[in-house]
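Residues per chain, in single letters:
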Amino acid sequence: MNGSGIHDSHYYRALKRSIVGIVMLVALTPLLLISVMSAYQFHTAYQDKVLAHLSEVVEKHAREIDRFLLERLVQVKVTTRTYSYQQLSSEPFLKQLLQVLQEENQGLFVDLGLIDDAGIQVAYAGPFSLEHADYAGAEWFQQAMRSEIYLSDVFLGLRKLPHFIVAVRHNWEGRQWILRATIDFIGFNRLVEAVRIGETGKAVILNRAGEYQTSSPSEPTIDAALLRRILKVEDQAAATGNGASVPRLPGLLDLKASQPGKEVRITQAAEPTGGRTSIYVTTPLKNGNWFLIYQQEKADAFRDLYRARLVIIGLLLVGGLLILATTILLTDKVIGRITQADREKEMMNEQVIEAGKLASIGELASGIAHEINNPVAIMVEEAGWIQDLLSEVPIPHADNAQEVTRALEQIRTQGARCKQITHKLLSFARKTDPRVHQVQLNDLVEEVLSLSEQRARYAGVTVARHLTPDLPPVSISPSEMQQVLLNLINNAVDAMEKQGGALEITTRLDDGRVVVDVADTGPGIPQAARDGMSEGAFDYLTKPCDLEELVAKVQEAVAQGR
Amino acid sequence: MNGFNVLLVDDELEFLDTLIKRMKKRGLQVAGVNRGEDALAWLDREPVDVVVLDVKMPGLDGIETLREIKNRRPLVEVIMLTGHANMEVAVQGMELGAFDYLMKPMDIDELIYKLQDANRKKSLQEQRIKRKQEELGTRR
Numbered sequence: 001m002n003g004s005g006i007h008d009s010h011y012y013r014a015l016k017r018s019i020v021g022i023v024m025l026v027a028l029t030p031l032l033l034i035s036v037m038s039a040y041q042f043h044t045a046y047q048d049k050v051l052a053h054l055s056e057v058v059e060k061h062a063r064e065i066d067r068f069l070l071e072r073l074v075q076v077k078v079t080t081r082t083y084s085y086q087q088l089s090s091e092p093f094l095k096q097l098l099q100v101l102q103e104e105n106q107g108l109f110v111d112l113g114l115i116d117d118a119g120i121q122v123a124y125a126g127p128f129s130l131e132h133a134d135y136a137g138a139e140w141f142q143q144a145m146r147s148e149i150y151l152s153d154v155f156l157g158l159r160k161l162p163h164f165i166v167a168v169r170h171n172w173e174g175r176q177w178i179l180r181a182t183i184d185f186i187g188f189n190r191l192v193e194a195v196r197i198g199e200t201g202k203a204v205i206l207n208r209a210g211e212y213q214t215s216s217p218s219e220p221t222i223d224a225a226l227l228r229r230i231l232k233v234e235d236q237a238a239a240t241g242n243g244a245s246v247p248r249l250p251g252l253l254d255l256k257a258s259q260p261g262k263e264v265r266i267t268q269a270a271e272p273t274g275g276r277t278s279i280y281v282t283t284p285l286k287n288g289n290w291f292l293i294y295q296q297e298k299a300d301a302f303r304d305l306y307r308a309r310l311v312i313i314g315l316l317l318v319g320g321l322l323i324l325a326t327t328i329l330l331t332d333k334v335i336g337r338i339t340q341a342d343r344e345k346e347m348m349n350e351q352v353i354e355a356g357k358l359a360s361i362g363e364l365a366s367g368i369a370h371e372i373n374n375p376v377a378i379m380v381e382e383a384g385w386i387q388d389l390l391s392e393v394p395i396p397h398a399d400n401a402q403e404v405t406r407a408l409e410q411i412r413t414q415g416a417r418c419k420q421i422t423h424k425l426l427s428f429a430r431k432t433d434p435r436v437h438q439v440q441l442n443d444l445v446e447e448v449l450s451l452s453e454q455r456a457r458y459a460g461v462t463v464a465r466h467l468t469p470d471l472p473p474v475s476i477s478p479s480e481m482q483q484v485l486l487n488l489i490n491n492a493v494d495a496m497e498k499q500g501g502a503l504e505i506t507t508r509l510d511d512g513r514v515v516v517d518v519a520d521t522g523p524g525i526p527q528a529a530r531d532g533m534s535e536g537a538f539d540y541l542t543k544p545c546d547l548e549e550l551v552a553k554v555q556e557a558v559a560q561g562r
Numbered sequence: 001m002n003g004f005n006v007l008l009v010d011d012e013l014e015f016l017d018t019l020i021k022r023m024k025k026r027g028l029q030v031a032g033v034n035r036g037e038d039a040l041a042w043l044d045r046e047p048v049d050v051v052v053l054d055v056k057m058p059g060l061d062g063i064e065t066l067r068e069i070k071n072r073r074p075l076v077e078v079i080m081l082t083g084h085a086n087m088e089v090a091v092q093g094m095e096l097g098a099f100d101y102l103m104k105p106m107d108i109d110e111l112i113y114k115l116q117d118a119n120r121k122k123s124l125q126e127q128r129i130k131r132k133q134e135e136l137g138t139r140r
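So the protein lines, in turn, are chains A and B. Residue 286 in our numbering sits at position 286 of the first sequence, and the numbers go up by one each step. Residue 124 in our numbering sits at position 124 of the second sequence, and the numbers go up by one each step.
It is worth saying that the hints were derived from the structure and are not from the lab. Just so you know, even glycine gets a beta-carbon here, dropped at the ideal spot from N, CA and C. The reader is advised that the hints may include incorrect statements.
Beyond 12 Å from chain A on every Cβ pair, some chain B residues (computed) [said to hold, decoys possible]:
#1 THR18
#2 LYS21
#3 LYS25
#4 ARG26
#5 VAL33
#6 ASP54
#7 LYS56
#8 GLY59
#9 THR82
#10 GLY83
#11 MET103
#12 LYS104
#13 MET106
#14 ARG120
#15 GLN127
#16 GLU134
In the DSS-like style, the derived pairs of lysine-lysine whose C-alpha atoms are separated by at most 27 Å in a straight line are [what the hints assert, rightly or not]:
#17 A/LYS286 x A/LYS160
#18 B/LYS70 x B/LYS132
#19 A/LYS16 x A/LYS298
#20 B/LYS25 x B/LYS114
#21 B/LYS24 x A/LYS357
#22 A/LYS298 x A/LYS60
#23 A/LYS424 x B/LYS132
#24 B/LYS56 x B/LYS70
#25 B/LYS70 x A/LYS424
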């Protein structure tokens with residue numbers, strides 16, 4: 001910003017930047033605050049809802065699986081209580097029994113076997129030929145011998161197929177016998193896999209050691225190591241008896257700790273392979289020996305939430321861009337106005353300065369005229385005095401006398417000329433007087449011409465006047481009209497200064513209007529300037545005499561045109 | 001014809017002196033002062049028929065002096081002399097009762113004609129007053 005002169009473009013750019021900045025700040029801050037706050041609220045509420053739903057589903061399934069396992073156990077136990085050793089050790093009976101059980105349980109039981117306390121299978125019914133198989137070394141056998149009922153983990157066993165065993169120990173005739181039933185692994189899997197939510201939700205069962213108790217769904221397999229880590233947290237939770245004080249493991253985020261009575265725990269972890277974040281819902285099964293782990297990709301679980309968030313962000317972006325565009329457009333307009341106003345102010349200032357200059361020139365001229373007239377008056381008087389004296393005592397030499405008389409007369413004449421010049425100078429130096437008088441326009445033209453004629457002569461311009469006599473007087477401000485005419489004539493003389501020319505001033509009566517034509521033989525007005533003239537410049541010329549009776553029509557005739 | 005008293009008032013002494021000399025040569029009874037105050041004082045002491053008054057003077061200026069002269073001696077005629085073409089002042093002077101105005105440098109003959117005219121006007125005025133007084137006197 002410079003004190004005088006017009007502001008540079010940098011100033012307006014900075015002004016625009018600050019206006020846009022402030023408007024954007026004021027407009028966007030509340031918008032962003034409201035959006036973020038409501039988005040956070042919505043996020044929290046929705047996440048809670050989704051997680052609650054997940055734990056509900058998983059818990060329900062866990063109960064179902066638990067019940068399923070318990071039912072199998074009870075069935076086998078009831079069998080041992082109902083039938084005698086003789087019945088159970090006969091293979092036809094056992095086969096019959098298996099058939100009944102399979103019919104009752106949709107073929108979930110694969111086979112049945114009776115094993116003595118030495119681990120030898122005494123009787124067997126099933127698709128495999130496992131008669132007299134020796135299970136003495138099998139882990140499940142040892143476990144089954146210790147407790148009355150036993151449910152094994154999944155293992156391959158002698159048949160080399162994944163399966164698990166329900167074993168019930170019973171005392172017949174003083175010996176410990178074990179009735180063993182194998183549960184169909186595929187059927188069991190189906191039960192677990194029934195837990196499917198969304199596109200990526202899937203469930204598996206792991207034992208405490210982190211071994212799969214179900215075939216994990218083929219497509220993207222759950223990383224076993226990660227699951228083990230999750231289980232570790234579960235273990236520790238179990239150890240402390242309360243989920244609240246579990247130390248956090250890196251990469252795991254507890255979303256919902258298992259609460260007493262509600263044995264569900266929700267953990268969030270990034271998959272080491274895919275890099276996607278998943279939610280893991282863990283709940284213990286089989287008295288804490290197994291865990292049902294439900295996994296779902298976070299993006300899938302919170303799909304609606306993320307969609308809503310996208311919509312909000314999109315709306316924010318579109319809204320923000322709209323605000324920005326509007327602000328920039330409006331600011332551009334405002335800045336345009338300011339620039340124009342500044343420019344107009346600048347022009348006004350220049351005009352005021354110009355007017356001030358003219359006024360001071362006028363004062364100076366007035367002072368000079370006065371100061372010059374007095375000495376000139378003295379000179380003329382002194383010359384007159386000499387003339388007076390000479391008329392009494394003539395100069396002896398006749399030629400000299402004539403010359404002296406001529407010289408004195410010349411002093412008188414030139415003194416009168418000085419008076420004329422200062423008189424005219426003063427009449428123009430005087431402040432323009434906007435008062436309207438009845439004026440004879442021809443006299444005014446003559447007055448102006450008398451002032452400009454000398455200059456025109458020097459410029460080689462001949463002045464021709466065609467003044468129609470007996471024009472009606474017009475009501476105008478004489479001094480303003482003088483200015484208009486003087487400017488026109490001066491411009492014309494300026495234009496013709498180089499090669500000389502003719503200036504023609506005509507006054508005439510046209511349809512009740514007094515018209516002044518000023519024509520010159522100069523090069524005329526360039527086309528570019530002429531275009532601008534029709535808009536404002538002409539107005540500027542006619543405005544001072546914008547009166548009812550008079551339209552000073554100014555015709556700048558081009559040389560070729562006349 | 002020229003038997004009347006003229007008072008020149010101008011602050012330019014050189015101008016005043018030469019003009020007095022020239023006018024005396026033409027047989028006019030002329031005196032000169034260079035201040036408005038002195039002019040008023042002179043009017044109190046000496047008989048004056050016409051005053052030639054410069055408009056622009058230090059001290060009491062032409063217009064003020066004119067006003068004062070017309071106040072004290074309404075019959076005395078005044079011719080204004082302006083150093084510059086200040087028409088407003090000239091017009092003001094005329095409104096205040098000046099006989100005429102002239103612009104410097106002026107032709108001495110023109111000045112003398114104007115002086116004679118002014119004196120004639122004054123004489124007429126005086127005669128008219130005398131007649132009126134006589135009329136009033138006889139009536140009485």
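These are the hints, each one checked on the structure:
At roughly 4 Å, the least C-beta separation between B/THR18 and chain A is not larger than 12 Å, which violates its mark as non-interface. With a least beta-carbon separation of about 6 Å from chain A, B/LYS21 fails to lie farther than 12 Å from that chain, contradicting its non-interface assignment. For B/LYS25, the requirement that its beta carbon stay farther than 12 Å from each beta carbon of chain A is not met, with the minimum near 5 Å. Non-interface call for B/ARG26 relative to chain A: violated, since the shortest CB-CB distance, roughly 8 Å, does not exceed 12 Å.
At roughly 17 Å, the least C-beta separation between B/VAL33 and chain A is larger than 12 Å, which holds for a residue marked as non-interface. Not every CB of chain A is more than 12 Å from the CB of B/ASP54 (nearest about 9 Å), against its label as outside the interface. The Cβ of B/LYS56 sits about 7 Å from the closest Cβ of chain A, inside the 12 Å cut-off, so the non-interface label is violated. For B/GLY59, the requirement that its beta carbon stay farther than 12 Å from each beta carbon of chain A is met, with the minimum near 17 Å.
The Cβ of B/THR82 does not lie farther than 12 Å from every Cβ of chain A; its closest approach is about 8 Å, which violates its non-interface assignment. Listed as outside the interface, B/GLY83 is inconsistent with that label: its C-beta sits roughly 5 Å from the nearest C-beta of chain A, within the 12 Å cut-off. Interface exclusion of B/MET103 from chain A breaks down, the closest Cβ pair being 6 Å apart, not more than 12 Å. In this structure B/LYS104 is not separated from chain A by more than 12 Å, as the shortest Cβ-Cβ distance comes to only about 4 Å.
Interface exclusion of B/MET106 from chain A breaks down, the closest Cβ pair being 7 Å apart, not more than 12 Å. Look at B/ARG120: its CB is around 24 Å from the nearest CB on chain A, clear of 12 Å, so calling it non-interface holds up. The non-interface label for B/GLN127 is consistent with chain A: the shortest C-beta to C-beta separation is roughly 33 Å, beyond 12 Å. The Cβ of B/GLU134 lies farther than 12 Å from every Cβ of chain A, with a closest approach of about 43 Å, so its non-interface assignment holds.
This hinted pair checks out: A/LYS286 and A/LYS160 have alpha carbons roughly 24 Å apart, not beyond 27 Å. Using a Cα cut-off of 27 Å, the hinted pair B/LYS70 and B/LYS132 holds, with the two alpha carbons roughly 21 Å apart. For the given pair, A/LYS16 sits about 45 Å from A/LYS298 by alpha-carbon distance, which is inconsistent with the 27 Å threshold. Among the hinted pairs, B/LYS25 with B/LYS114 is consistent with the structure: their alpha-carbon atoms are about 17 Å apart, no more than 27 Å.
For the suggested pair B/LYS24 and A/LYS357, the alpha carbons sit about 47 Å apart, so the restraint of at most 27 Å is broken. Proximity of A/LYS298 to A/LYS60 is assessed by CA-CA distance (about 21 Å); at most 27 Å being required, the pair is judged to hold. Among the hinted pairs, A/LYS424 with B/LYS132 is inconsistent with the structure: their alpha-carbon atoms are about 47 Å apart, more than 27 Å. Proposed proximity of B/LYS56 and B/LYS70 is supported: the alpha carbons are some 18 Å apart, at most 27 Å.
Between B/LYS70 and A/LYS424 the alpha-carbon distance is near 32 Å, which puts this suggested pair outside the 27 Å criterion.
The earlier numbered hints that this structure contradicts are 1, 2, 3, 4, 6, 7, 9, 10, 11, 12, 13, 19, 21, 23 and 25.
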